[in-house]
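S.K.: With the numbering used here as the guide, the letters of the sequence shown map in order to residues 154 to 371.
Treat the hints with care, since some could be wrong.
What the hints assert, rightly or not - Subject to a maximum C-alpha distance of 25 Å in a straight line, what follows is the list of computed SDA-like cross-link-like pairs (lysine to any residue):
| hint | residue 1 | residue 2 |
| --- | --- | --- |
| 1 | Lys155 | Ser285 |
| 2 | Lys292 | Leu362 |
| 3 | Lys303 | Asp211 |
| 4 | Lys303 | Ser198 |
| 5 | Lys292 | Asp311 |
| 6 | Lys222 | Leu242 |
| 7 | Lys294 | Tyr325 |
| 8 | Lys292 | Ser318 |
| 9 | Lys254 | Ser198 |
| 10 | Lys369 | Glu350 |
| 11 | Lys222 | Ser318 |
| 12 | Lys254 | Leu362 |
| 13 | Lys302 | Leu362 |
| 14 | Lys155 | Ser216 |
| 15 | Lys292 | Glu350 |
| 16 | Lys294 | Leu257 |
| 17 | Lys254 | Asp211 |
| 18 | Lys155 | Leu176 |
| 19 | Lys222 | Gly199 |
Don't read these hints as lab results, they were simulated from the structure.
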Amino acid sequence: MKYIGLFGIGGVGQSLIEQICSLAQLQNGLNSDQTLNLVMIADSSGLLWNSELNQGFDESVLSQIVLHKRSNQKCIDFKPQSTTEAQVLVTEHLSNSDLIKLLLRYQSTDNSSSVIDQHFIIDCTATDFMESLFIQAIKSKINVVSANKKPFTSCTMDVYNELVSFPDRIRYESTVGAGLPVLCSLDRMISSNDKIESVSGALSGTLSLVFSELEKKR
154 MKYIGLFGIG GVGQSLIEQI CSLAQLQNGL NSDQTLNLVM IADSSGLLWN SELNQGFDES
214 VLSQIVLHKR SNQKCIDFKP QSTTEAQVLV TEHLSNSDLI KLLLRYQSTD NSSSVIDQHF
274 IIDCTATDFM ESLFIQAIKS KINVVSANKK PFTSCTMDVY NELVSFPDRI RYESTVGAGL
334 PVLCSLDRMI SSNDKIESVS GALSGTLSLV FSELEKKR
C-alpha cells in the first residue's frame, strides 16, 4: 500500500482527492502494493489524520473533506458525520519531525506488501518553507511529489542542490511548463553529455493560458 500525506487542499489538492476516489474501484483489482491511501490531509489551519494506521480515509470522508473546503472552511474546523468520527482525528500543526513520525506509523498488515516506497508526501500548497520538510522526509526514505514551485525557487542554491540530489525520492516536474516533461528531458540530455545551448518558450502555464486567450482576441 501507498500511504500519502497531502498538504494543501485548494483547487489542485481537491482535484487530486477526487481522482484518488475515482480510482477506488480500479484499485480493488490491483495488488495491495499499488493501492493509494490518503492518511493525512493538511491546510494552513491544521491536520486531519486517520486513526486506523493500516488504511486511508474512506471515500465518504474524503468527499466530506472536499465539500468542507469548497465551502471555504478550515481543516481544524472539520467535523465528520457521526458514522466516521472514529476514523478522523483533528490536530493543530505538528513539527516536521512529528509529521514524519506520524506518517511512518502507517504500515500495511498484508505480509505480501513491500515496506519499500510505501510513504509519500504530496505538496499542493503555494507556500514557502516546505523545503525543510522535504529534506527531512527524503532522508527518512519518504518520497516527495510537489506541484509547488516555491521550495525550489525561493531557497538558496545549497538547499536546492540538496533537494535535487535525491532524484529517486523527489518529483517536481509539474512545477515547470504546466507538467510538460521539460525537466526530465533536460536532465537526460545533460546526463548524456549533450550541451544545452539555450532553452526558449513560454514555460509558465499561466502565461500560456494568457497567450492562448489573447490569440482568441479575448
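S.K.: Now look at each hint and say whether the structure bears it out.
M.R.: Going down the list of hints, with the structure as the test:
| no. | hint | in the structure |
| --- | --- | --- |
| 1 | Lys155 with Ser285 | holds (22 Å) |
| 2 | Lys292 with Leu362 | violated (37 Å) |
| 3 | Lys303 with Asp211 | violated (31 Å) |
| 4 | Lys303 with Ser198 | holds (20 Å) |
| 5 | Lys292 with Asp311 | holds (16 Å) |
| 6 | Lys222 with Leu242 | holds (17 Å) |
| 7 | Lys294 with Tyr325 | holds (17 Å) |
| 8 | Lys292 with Ser318 | holds (11 Å) |
| 9 | Lys254 with Ser198 | holds (20 Å) |
| 10 | Lys369 with Glu350 | violated (33 Å) |
| 11 | Lys222 with Ser318 | violated (35 Å) |
| 12 | Lys254 with Leu362 | violated (40 Å) |
| 13 | Lys302 with Leu362 | holds (18 Å) |
| 14 | Lys155 with Ser216 | holds (20 Å) |
| 15 | Lys292 with Glu350 | violated (34 Å) |
| 16 | Lys294 with Leu257 | holds (10 Å) |
| 17 | Lys254 with Asp211 | holds (22 Å) |
| 18 | Lys155 with Leu176 | holds (13 Å) |
| 19 | Lys222 with Gly199 | holds (13 Å) |
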